[in-house]
Amino acid sequence: MEVYIAGKGIISAIGLNVDETLQSLRAGKSGIGNQTNLSGRRDNHLPTGEIKLSNAELATMAGLSAEYSRTALLSMIAAKEAMADSGIHINGLRTGFISATTVGGMDKTEQFMTSYIRDGEFKNIEQVLYHDSGAATELVAEPLGIKHFVSTISTACSSSANSIMYAARLIKTGVLDVAIAGGADAMSLFTLSGFNALMILDENYCTPYDENRKGLNLGEGAGYVVLVSEKVAERLLKAPTVKLTGYANANDAFHQTASSPEGKGNYLAMQGALKMSGLETTAIDYINLHGTGTANNDLSEGMAIQRIFGEQVPKSSSTKAFTGHTLGACGGIEAIFSIMAIEQKMIFPNLRLKTPMKELSFAPVTELMEGVEVKNVLSNSFGFGGNCSSLIFSKVN
Amino acid sequence: MELYIKGIGCISPQLTYDNSVFLPEIKKHSGNRMMCIEPDYAPYFEAGSLRRMSRVVKFSAGAALIALKDSGVTQLDAITTGTGYGLLENSEKFLKSMAESTGPVLSPTSFIQSTHNTVGATIALITGCNAHNNTFSHKGFSFESALIDTRLLAVEGATNVLVGAHDEISEKTFALMEKLHVFRNNEDAEIKAYEKGGNGVVAGEGAAFFILSATKGEGDYGILVDNAIFYNPESTIEVKELIEEFLERNKVGLENIDVVISGINGDAKSDILSHEINHLLFAHQTIVLFKHLCGEYMTASSFGFWLAAKMLIAQQIPESVILKNRHRRPGYILLYNVFQNDHSVMLLKAC
Amino acid sequence: MDELMATLKKEIFEQLNLHHVKPEDIGYDQPLFGEGLGLDSIDALELIVLLQQKYGIKLANPAEGPKIFYSIKTMAEYITDHKKQ
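Protein chains in written order, with the numbering used here: chain A, 1 to 397; chain B, 398 to 748; chain C, 749 to 833.
I should point out that these hints are in silico values taken from the structure, not numbers from a laboratory. Quick caveat: nothing in here was measured; it's all calculated off a predicted structure. It cannot be assumed that every hint is accurate.
Said to hold, decoys possible - Distance condition first, Cα-Cα at most 30 angstroms in a straight line; then the derived DSSO-like pairs of lysine-lysine:
1) A:K123 x B:K637
2) C:K758 x A:K214
3) B:K666 x C:K815
4) A:K358 x A:K172
5) A:K375 x A:K80
6) A:K358 x C:K757
7) A:K52 x B:K493
8) A:K172 x B:K637
9) A:K238 x A:K375
10) A:K395 x A:K231
11) A:K123 x A:K147
12) A:K123 x B:K569
13) B:K721 x B:K589
14) A:K123 x B:K721
15) A:K214 x C:K831
Chain A extracted, bound-state conformation (with noise of 0.2 angstroms):
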């Protein structure tokens, strides 16, 4: 049973959907920058992959009240599209909305949390009400008109990966016929001081996979794939040119925050993900990393792609120089990448990249490449706990 890539849908700081989006990979156009929407606050000279665009603006796209969390409004933005670009109507298909983030309507809740904490006064409660992960999820399966199946998943840095890694195992086992899955996660005060206590972000623009990287910046953003099986595949009026074919999931047991020096938990995810796909490592045209940015993950990562290509590593690149880590939507959103990678035929720059890591064999493509043949894409997704997931896309032949 195959798992086709119907629609996808996207937001972020490189584009409010798919073409603006495009234009900004092709253009080496990074979204990194000054904050504006939380300026003022604490922390707020870290520069960040920020959506420039007020709540009150998005809510408008997302045809959702501006009262609810920015992530809900961000996740709407990015279903609409996919569903919108699969064409599919949903009528008569058993159809779920499986969702990933890490802060869920923490942007609301902070703001009402400080001033609470501040002065005990319970100002303006109605900002908490949609804190839970699943509050987001549920504000956007309504209005998509979703019945019956919806879930969410919140495994830090990897939830979307495993969102859609769900996703197609409900397909192939016969619970749904389709699925939007992803992730989303709005930019908030409480991960930008979070990820500042724990010293991994890069004051300056973030240069993952550099010998001189200094951390991460954080990003914001939304992305999903419509996943149907191949029943529904064969009705569509547009043809899939995408297939998920490999994925797995694994953990690094080493540690709540570091990964393991040789990267166990990332080999494991993408050995197990090429070993489903069936395919040869040297079928790999192209790794999405997860690089971050920080010391600890790109040198993991990398020691764990050297472990199984060996001295053929693929062409490969972090697009979170363009985006920032956006934490629970990454893995949504590099789906997006690694299947535009393959339709476009395209594979995108690490920007910034000036010194390759002296540890690692392989260095990041640092100039956009066009017009090359892209088969099959690994893209990959890890985590605060260990959790780390891998996804192939391939090209439908």
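With the hints as your guide, set chains B and C onto chain A.
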């Protein structure tokens, strides 16, 4: 695919962490919340590893380790968990430091331990389990999704899966919900009070973990036959039809169901549908409640699952949980839970 | 110096929640990390916060950590040096 329940571990507002007893006496909690009765964790954790764990991490990882030990299973093929609210206490602690600290850098530990996957990750660390590790966080489908994940894993070849769920009552979130009039006082914890219902629910918390296995063995608690989720059904009739379809898909007639574990939470308004379903479908079954024991929370159904497992192995229904029709022995048990728009069913049977 | 080390020990135990060891079992020269007290990278960050909150010393580069946080004594020396400046 049917899954065998090999081990259970439950830390809840009742004395449930000791698997050798079955609700020996009911702990009455006064006020509007029920907090966990916790064991001494020293036998379960290395001394040094406890120092960073918040209360929910202790009682959740503790419940998981009790289940693991109970099962005798040494090799896990996956760990999958559910949590509605995640790690509230640590989130609040970090928010507090954000609000109060003026220094450039904040203490990171509470942030690190605020992610929803902290418990699943902690169990992976303790057991050295590199396998599939998932955390669902979706309101009343958090535990349910972890169960679906488990059933998929079994179809895909996994033998032993650790599955469970957890939620905690934390000071600030509790105060907010209290302000929003979500809660009522637990003046009368008697089960009859839950039939009539009042205004609001009694807050609860807890963790329940299970080892579910694809292989049958001596001393299994019972069998998970199937589970399903129904988001946002339009009417009682739709729920009735969905439950009927669910039973049909499992080739189990309504008359085969002996016990119905109902998620009635004592809030008259939110219980309307559950009462109607009991009336329409389960007039002759023994109706069992559980939220008068554990309170209401997003993953309370995992306590209901624990109750089902205990009843199946004991072949006995404690007096303290029976709402009506006390004549049945538990052969087939159907759990029907409602949390806001999230309706779910689980079908279990005796070995 | 002895007074500072005694205070520091108390503060470290509090900040890192070290209930599982007795303060008197830890010598001022004893390594805090690795084979010593078994602290890890998160503890190093907590110690950076401690320096900042209690002594007003900002350690910008976490890479300096291992040297400064080797033992209670090295930490006390670092505090003494940097408070004078």
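Q) Any hints this thing doesn't respect? Which numbers, in order? A) 1, 2, 3, 4, 6, 11, 14
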